[in-house]
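Use these hints to put chain U onto chain S, whose structure you have.
Number of protein chains: 2
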Amino acid sequence: MAQSATHPFDQATALFFDGERFHGETRPEYYNMVGPFGGITAATMLNAAMLHPARLGQPLALTVNFAAPAKVGPFVVDVIVARTNRSTQHFSMSMIQDAEVVTTATAVFGLRRDSWSHVEAVMPDVPTPGDVPRFEAPAPLPWMQWYHVRLIRGSALDDVEDAVTYQWMRDDPPRPLDHAALAALCDTFVPRVYVKLKRPVPIGTVTFTVYFLADPDTIFRQGTNELLGVARATRFHQGYFDQIGEVWSQDGELLATTTQLVYMKT
Amino acid sequence: MAQSATHPFDQATALFFDGERFHGETRPEYYNMVGPFGGITAATMLNAAMLHPARLGQPLALTVNFAAPAKVGPFVVDVIVARTNRSTQHFSMSMIQDAEVVTTATAVFGLRRDSWSHVEAVMPDVPTPGDVPRFEAPAPLPWMQWYHVRLIRGSALDDVEDAVTYQWMRDDPPRPLDHAALAALCDTFVPRVYVKLKRPVPIGTVTFTVYFLADPDTIFRQGTNELLGVARATRFHQGYFDQIGEVWSQDGELLATTTQLVYMKT
Numbered sequence: 001m002a003q004s005a006t007h008p009f010d011q012a013t014a015l016f017f018d019g020e021r022f023h024g025e026t027r028p029e030y031y032n033m034v035g036p037f038g039g040i041t042a043a044t045m046l047n048a049a050m051l052h053p054a055r056l057g058q059p060l061a062l063t064v065n066f067a068a069p070a071k072v073g074p075f076v077v078d079v080i081v082a083r084t085n086r087s088t089q090h091f092s093m094s095m096i097q098d099a100e101v102v103t104t105a106t107a108v109f110g111l112r113r114d115s116w117s118h119v120e121a122v123m124p125d126v127p128t129p130g131d132v133p134r135f136e137a138p139a140p141l142p143w144m145q146w147y148h149v150r151l152i153r154g155s156a157l158d159d160v161e162d163a164v165t166y167q168w169m170r171d172d173p174p175r176p177l178d179h180a181a182l183a184a185l186c187d188t189f190v191p192r193v194y195v196k197l198k199r200p201v202p203i204g205t206v207t208f209t210v211y212f213l214a215d216p217d218t219i220f221r222q223g224t225n226e227l228l229g230v231a232r233a234t235r236f237h238q239g240y241f242d243q244i245g246e247v248w249s250q251d252g253e254l255l256a257t258t259t260q261l262v263y264m265k266t
Numbered sequence: 001m002a003q004s005a006t007h008p009f010d011q012a013t014a015l016f017f018d019g020e021r022f023h024g025e026t027r028p029e030y031y032n033m034v035g036p037f038g039g040i041t042a043a044t045m046l047n048a049a050m051l052h053p054a055r056l057g058q059p060l061a062l063t064v065n066f067a068a069p070a071k072v073g074p075f076v077v078d079v080i081v082a083r084t085n086r087s088t089q090h091f092s093m094s095m096i097q098d099a100e101v102v103t104t105a106t107a108v109f110g111l112r113r114d115s116w117s118h119v120e121a122v123m124p125d126v127p128t129p130g131d132v133p134r135f136e137a138p139a140p141l142p143w144m145q146w147y148h149v150r151l152i153r154g155s156a157l158d159d160v161e162d163a164v165t166y167q168w169m170r171d172d173p174p175r176p177l178d179h180a181a182l183a184a185l186c187d188t189f190v191p192r193v194y195v196k197l198k199r200p201v202p203i204g205t206v207t208f209t210v211y212f213l214a215d216p217d218t219i220f221r222q223g224t225n226e227l228l229g230v231a232r233a234t235r236f237h238q239g240y241f242d243q244i245g246e247v248w249s250q251d252g253e254l255l256a257t258t259t260q261l262v263y264m265k266t
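Sequence order for the protein chains is S and U.
Per this note's numbering, the very first residue in the first sequence carries number 1; after that it's consecutive.
Per this note's numbering, the very first residue in the second sequence carries number 1; after that it's consecutive.
Extracted from the complex, chain S is given alone in its bound form:
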């Protein structure tokens, strides 16, 4: 863990708890177009719940609502432990900067027990990571330097007509997987509208959800392996579109599903 303590991801999601509130700092190296990379904000909100002294269990679900772009500089996160049950725990979080809410979130944590198991979704048949070149964005944004992505299909640059992206992805430099990193990876897909229109337009995620469908041991066991990301859309309409995604391990474990609703100007 000594190595991961100095990883840029851990620096960007670091929080100091003063016994009442969590204190962190928006960092320019994870910036996107007009605000921080949504994935790093989501990971920071999850981290606040993880670090809460009353926390039990591991994350099951996270929803993050992006109310306004945080500026580079300090922020506080307030965490309310809304309810603690025998096997689940509910958190509500707010990120505040200059006395205004910039992000809200809820998270459900829980204990997992053995049960009947079945994977219903089908992992796409894709080339192995070694057979796909690393994607180099023509005009990379700061946060992209921290992700190693091999775009198998579905970018703004290829001739795919649908809104389906397959990509191998991992933190760069490599960092052992945990729930926060997995949540952030769920937000690394190129916006679906770019894939359809083959050009960038102004966009901004308004809400983002991750369900952790694998048990914690399976998530941690991935280490620094590249993971398969799958993303699609259902509808683009009157200024908004959605994204539905999956994250798979190389050996076919469905680690997480993710959805987001995104503002677009086009």
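Calculated from the structure, these hints are not laboratory results.
This structure is a prediction, so every number in the text was calculated from the model and none was measured.
By construction, the Cβ of each residue, glycine as well, lies at the ideal position given by its N, Cα and C atoms.
Possibly wrong hints are sitting among the right ones.
[What the hints assert, rightly or not] A partial selection of chain S residues facing chain U, derived with a Cβ cut-off under 8 Å: (1) H90; (2) T207; (3) Y211; (4) A233; (5) H237.
[As the list claims (entries may be wrong)] Chain S stretches covered by chain U per the calculated footprint, using a threshold of three residues with CB under 8 Å from any CB of chain U: (6) 96-105; (7) 124-135; (8) 258-265.
Below, chain U without anything else, positioned relative to chain S:
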């Protein structure tokens, strides 16, 4: 609106605002197994935001976390207007009963403007409502009396092997569609684990999300039409499974997508 004011759905989601908090009552006629039907709780949380005097625009997204089953009886809902922007507004809600949080929620509201539009998802090819008999549950729960469902495929009673359900659905008695009713309809699907195992097991939704992908006029224009619900699952594992769904109008408008994470004991 005089008619809808007396519909059981409107009675069950009714809230009185005292200038500070919203007051409502859990009603036995919308009860499920060990708590209220999740759809009516979701609709009530959305209604609290709708009725807030500072509310602007119409719902874009709703996430509801079920922390504990509400008992039959009075509750309060606290609504925080976390942020109001030019075109979006963010709400955080808590439902409280006997001084304990039973439900948390967030909602994003917004104004919609014309933009490039495209429906990427494909509406399943299904029989028209008139060609499908009404579904009669063998042991109906109280809330089910308020929904008219024609199960096209995917129940605990048929021989479908996957976890995909298609159903025509509407409020019963008929009630003109709005965002609250649409949110509740998103929770009317039989639990995915019943469809797989062909038997009921103890379950409980822990978190539920709806994205409203059609504009408000299109939603209101549905009136009392039956809508096509589509639900599937991606994974069942260590006590939890997910559901991903879509709601379509008869003329092919994708009205909403929905996800939920559900506890199961099996």
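The hints, checked one at a time:
1. This hint holds: H90 (chain S) has a C-beta 4 Å from the nearest C-beta of chain U, less than the 8 Å allowed.
2. With a least beta-carbon distance of about 5 Å to chain U, the hint placing T207 (chain S) at the interface is held under the 8 Å criterion.
3. The closest approach between the C-beta of Y211 (chain S) and any C-beta of chain U is roughly 5 Å, which is under the 8 Å cut-off, so the hint is satisfied.
4. Nearest Cβ of chain U to the Cβ of A233 (chain S): about 5 Å, under the 8 Å cut. The hint holds.
5. Interface restraint check: H237 (chain S) against chain U, minimum CB-CB distance 5 Å, threshold 8 Å, status holds.
6. Given as covered by chain U, the region 96-105 of chain S passes the check, having 5 residues with a CB less than 8 Å from a CB of that chain where 3 are the minimum.
7. Counting residues of the region 124-135 of chain S whose CB lies closer than 8 Å to any CB of chain U gives 0, so the stated coverage by that chain is violated, three being the minimum.
8. Under a criterion of three residues with beta carbons nearer than 8 Å to beta carbons of chain U, the stated coverage of the region 258-265 of chain S is upheld, 5 such residues being counted.
Hint check: a violation occurs at hint 7 only; the rest are consistent with the structure.
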